[in-house]
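Q: Model the placement of chain B on the given structure of chain A, informed by the hints.
Number of protein chains: 2
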Amino acid sequence: MKTDKKTDISSLGEFGLIKHLTENIKLENSSSVKGVGDDCAVLDYPDKHVLVTSDILMEGIHFDLTYCPLKHLGYKAAMVNFSDVYAMNGTPRQLVVNIAVDRRFSVEDIETIYDGIRLACEHHHVDIVGGDTSSSLTGLVISPTCIGEGEQGKIVYRSGAKDTDLICVSGNLGAAYMGLQLLEQEKAVFNQQQKEGKKNLSFQPDFAGKEYILERQLKPEARRDIIEALKKADILPTAMMDISDGLSSELMHICDSSKTGCLVYEERLPLDYQTATMAEHLNMNVSTCALNGGEDYELLFTVDLADYDKVKNLEDVHIIGRITKAELGCQLETRDGQDFELKAQGWNPLR
Amino acid sequence: MKTDKKTDISSLGEFGLIKHLTENIKLENSSSVKGVGDDCAVLDYPDKHVLVTSDILMEGIHFDLTYCPLKHLGYKAAMVNFSDVYAMNGTPRQLVVNIAVDRRFSVEDIETIYDGIRLACEHHHVDIVGGDTSSSLTGLVISPTCIGEGEQGKIVYRSGAKDTDLICVSGNLGAAYMGLQLLEQEKAVFNQQQKEGKKNLSFQPDFAGKEYILERQLKPEARRDIIEALKKADILPTAMMDISDGLSSELMHICDSSKTGCLVYEERLPLDYQTATMAEHLNMNVSTCALNGGEDYELLFTVDLADYDKVKNLEDVHIIGRITKAELGCQLETRDGQDFELKAQGWNPLR
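Sequence lines, in order, name chains A and B.
Here the first sequence is numbered in the numbering used here, starting from 1 and rising by one per residue.
Here the second sequence is numbered in the numbering used here, starting from 1 and rising by one per residue.
Extracted from the complex, chain A is given alone in its bound form:
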């Protein structure tokens, strides 16, 4: 699939480029009345609430092109926005993507980013309905905005958790963070070799047995399946968020918005084998990785205690603790029965 063809972006111009990137887009959703090609996209949401979420992803801050392939980057940029819509118990329907590129990038490079975005959209039945393309003096910027729908009365906010609710997470935690550590480690090795003047350099490290944590970092999947499973099981969470900045940080947001405390059991934190192995290799505490590692894009939600029987058998959903009264604060009970206050050491894009 790799091509050496490098078409200069200025040969197409802004309108030519947008036309080129979007000409084969077919709209899938009935809510997409008019997509790319006018001053605005036109949408129709007569019976639903409209959900809107937006991100800005900066090269050197949110991603490193040394090890993040452009197609994966496009895929991830779309996916993290879909994840925010699912986290409201909604369904993503439309995506608008703004991209700015500097002179390093060719038309084919932008096509590759778009390929990733389109693949994510296909998987989640989302229509690309607009976007701005610009040049940048330095660095790549991707700013996606996702529009989705939620049923009135079934939208789940951060603020609805109540004392005695169960705290649940999907999947497992800390894997994306361990994937990032692995990539950073290999980059450091590569840079060191380069510094020492070694010849025949190639960034082709051996990732055997570590594919899962790499994929969690490079190609996260928004958990539509969990939203569907909750609906099928007739469970409406009382509060929900997606885990982008780390479990501790998100839990504290829920408790802050809901005016509650929480108690999480360390032994209940769901971990993958590769995450644990990598943490051990790096001499890191795996629970700390699970609590504070970002970019898992799993769902964190709370359910009424009365839903225990329904939720306990859900596949890939784990009950990790319970909501408590606000005055008890946010606590972690360790494997040896000690209680510690949870701290949000999540990733901060404003470093």
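Incorrect hints may appear among the rest.
Which copy is meant is left open, because identical chains are indistinguishable; a pair holds if it fits in one copy or across any two.
[Unchecked claim] Restricting the straight-line Cα-Cα distance to at most 30 Å, the calculated cross-link-like pairs of lysine-lysine (BS3-like) are:
1. K232 / K162
2. K162 / K19
3. K34 / K154
4. K154 / K5
5. K6 / K187
6. K231 / K19
7. K162 / K34
8. K187 / K34
9. K19 / K325
10. K154 / K19
11. K232 / K19
12. K232 / K195
13. K5 / K219
14. K312 / K26
15. K219 / K232
16. K259 / K34
17. K34 / K232
18. K310 / K232
19. K232 / K5
Hints are computed from structural coordinates only; laboratory data are not their basis.
Since the structure is predicted, the reported quantities are computational estimates derived from the model, not experimental observations.
A: Below, chain B without anything else, positioned relative to chain A:
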């Protein structure tokens, strides 16, 4: 109003900063169900179509902080998005703003940008309902997304112009471009003085008599008044766009989408006195400035010939030509009666 206080952004962190910037926001519109503070904003548009437009503004490409004050920049970033919604015959209702800043910027700087955004929102009754804030390795990035409403059946696309329709523009053309030329000229003088090692430098040039073109460049106004006047006069344009890249470029978009040609009369191009004076000073053809100068954010629209009596008396609206059959192409008739093919020499952000 100026303060020398410079608070480091990292002292607040991402969530602290967003909270700080958005804490006093009151939602004005009934369609804004839930604003800042969850994974998504929640909107309600039961009886209207939803309009969505988005931009990405890059430092060094779209703006130059040497002469563009931060408050004006915020105001303009919001305004150009509102303009896109009006250009669909819609009403802007919500705004989401993503901002990325590098280490040069303090909390107070971002507040100043937000002040400008909020002022624009107040003038147009738009609610700020979300946004992402991040750091950048180099340069300021602003990516606003505006959501608005349009009445079903009354949304005006680019594609509806028909042969014999009248072509109209609001306001006057080329002023923002002349304002930019003036600022660039003064910047060059300043840089030259600096190069020559002059002391007591200050970027305080004399702009007396040129305030209007400066304001058109630094503080453009979206033409809600024209949309309201058209409604009051019971005129539904057949096609409409806002003029961001220059009249020629936009007219060619309308003709391309509508599969028509057009004929524009040079003598009908509306010009301001300051625009003409500045063009003469720079030895530029003022018609070329009016045809190709960008960032006017005036409205370009076509109306049925039968609406001539209604449209001719509208304040600040000018009939500049008519739509023709596609095979006649896009033509300009000069003052001396010669026809030339229109060319889009509009501003290109992908330089």
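Q: List in ascending order the numbers of the hints, as given earlier, that are violated by the structure.
A: Those not satisfied are hints 4, 6, 8, 11, 12, 14 and 19.
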